[in-house]
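Q: Sequence:
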Amino acid sequence: MNTYLLYSQIYVSLTSWRGKNLDKQDVQPLETIDIEQFQTDLISWFQKEQRELPWRKDKDPYKVWVSEIMLQQTRVDTVIPYFHRFLELFPEVKDLAQAEEDQVLKAWEGLGYYSRARNLQSAVKEVYEKYGGIVPNTPKEISSLKGVGPYTAGAILSIAYGIPEPAVDGNVMRVFSRILSIWDDIAKPSTRKVFETAVRELISHDNPSDFNQALMELGALICTPTSPSCLLCPVRDHCAAFHEGTQHELPIKTKNKKQKHVKMAAAILVNDKGEILIQKRPSKGLLANLWEFPNIESTISYVDEKALLEDRFASHYSGNVHLNRSIGQLEHVFSHLIWNINIYAGTIDDVSASELQNVKFVSIEELDQYAFPVPYQKMFRMYQLEKE
DNA sequence: AAGTCGGGGGT
DNA sequence: ACCCCAGACTT
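So for the first sequence, the UniProt record's numbering puts the first residue at 1; every next one is plus one.
There could be a bad hint or two in this list.
Computed cross-link-like contacts, PhoX-like style, restricted to lysine-lysine with a CA-CA straight-line distance of at most 20 Å [to be verified]:
hint, residue 1, residue 2
1, K263, K360
2, K188, K257
3, K106, K360
4, K106, K94
5, K255, K188
6, K280, K106
7, K106, K59
Derived from the structure by calculation, the hints contain no laboratory data.
Let's have the full structure, built from the sequences with the hints guiding it.
A: Right under this line is the structure:
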């Protein structure tokens with residue numbers, strides 16, 4: 001019963017399995033999937049071909065946790081340097097639990113999706129206080145932690161604790177959509193459950209860690225989105241899509257919508273001591289709790305904009321504001337919107353502005369102690385280039 | 001279920 | 001341009 005899982009049995013347990021073929025008049029003989037052989041082929045390949053990654057050096061649940069949060073929607077090569085720096089700053093649960101949020105955000109600067117960092121620290125605090133610093137090892141407890149969703153819960157449980165839970169990410173859905181010929185739209189939230197059910201049937205109970213990691217490694221190295229290297233695939237004998245030649249049609253994924261365009265204006269304002277005005281963003285929403293330069297959303301025409309900005313800034317910061325010059329403009333693309341920013345430089349009195357909450361005057365040397373979103377980093381670089 | 005939330009790299 | 005990436009949370 002454990003050794004072979006008849007294809008028809010899978011079909012019974014998953015109504016959407018091979019749903020496309022239900023309508024085909026010419027149904028081919030049902031294949032069987034040799035589960036043990038599949039596990040062996042997959043895991044041996046992984047043990048031989050896996051990349052050396054910093055979070056694979058040991059299975060410390062805290063390190064696995066940090067890596068999994070960083071890897072959400074983020075490529076391995078991007079994460080590696082962040083992972084090293086983060087663990088140097090916060091080697092253990094206690095260190096992250098007791099850190100200043102500003103320092104955590106600074107360590108996350110440039111990585112994006114900053115709520116990951118704030119949720120991670122919040123959850124680590126809970127682990128430190130409620131679980132004595134030990135990352136919990138039950139699905140219920142770990143899933144209740146802030147920022148730990150179905151994927152991350154399964155990843156930590158399987159990789160750090162060897163518990164056979166599915167960890168279904170984009171890789172796993174792509175890989176199994178091909179192996180099992182699943183034609184559900186993987187862009188729909190409900191589809192993830194189809195793949196979780198599949199993984200529960202197929203996962204190795206001897207080595208859930210390598211099984212789950214192998215699926216993701218396979219998706220990253222072999223079973224890639226546009227041009228899968230099927231001839232190098234260790235499980236192509238088990239793959240329905242390879243058998244049918246449909247690997248380029250799978251997975252099914254509906255397109256995402258276009259970004260909205262937002263016009264902005266922002267300024268580098270300097271006081272008479274040569275210090276620059278910065279402010280902390282609100283604690284909710286886009287780029288929450290990061291720092292920025294004074295800015296407004298603006299749909300005003302370019303000629304009127306400068307006067308409007310001087311007015312708005314002067315009244316908001318209660319000081320005399322002078323915009324000397326326009327430095328240029330820059331575009332920054334987010335996943336759901338596009339900022340087009342007109343950039344100015346000028347001066348401001350620091351009498352009242354420094355009394356405002358979340359507003360500071362800092363020297364150029366102090367600037368890099370604060371976490372800035374990339375668009376404002378770009379903006380400051382333009383300012384420095386223009387000044388020379 | 002749809003929208004929000006970053007940034008970079010590949011094609 | 002458009003796609004994708006070791007997704008989660010809010011509405």
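Q: Next step is simple, just say for each hint if it's right about the structure.
A: Results of checking the hints against the structure:
1. Restraint check for K263 and K360: not satisfied, since their Cα atoms lie roughly 25 Å apart, outside the 20 Å limit.
2. About 14 Å separates the Cα atoms of K188 and K257, which keeps this hinted pair within 20 Å; it holds.
3. Simply put, K106 and K360 have alpha-carbon atoms about 17 Å apart, close enough for the 20 Å limit, and the pair holds.
4. Restraint check: the Cα-Cα separation between K106 and K94 comes to about 18 Å, which is no more than 20 Å; the hinted pair holds.
5. Distance restraint check for K255 and K188: the Cα-Cα separation of roughly 11 Å lies within the 20 Å cut-off, and the hinted pair is therefore satisfied.
6. A threshold of 20 Å between alpha carbons decides the hint, and for K280 with K106 the separation of about 13 Å falls inside it, so the pair holds.
7. With a CA separation close to 26 Å, the supplied pair K106 and K59 exceeds the 20 Å bound.
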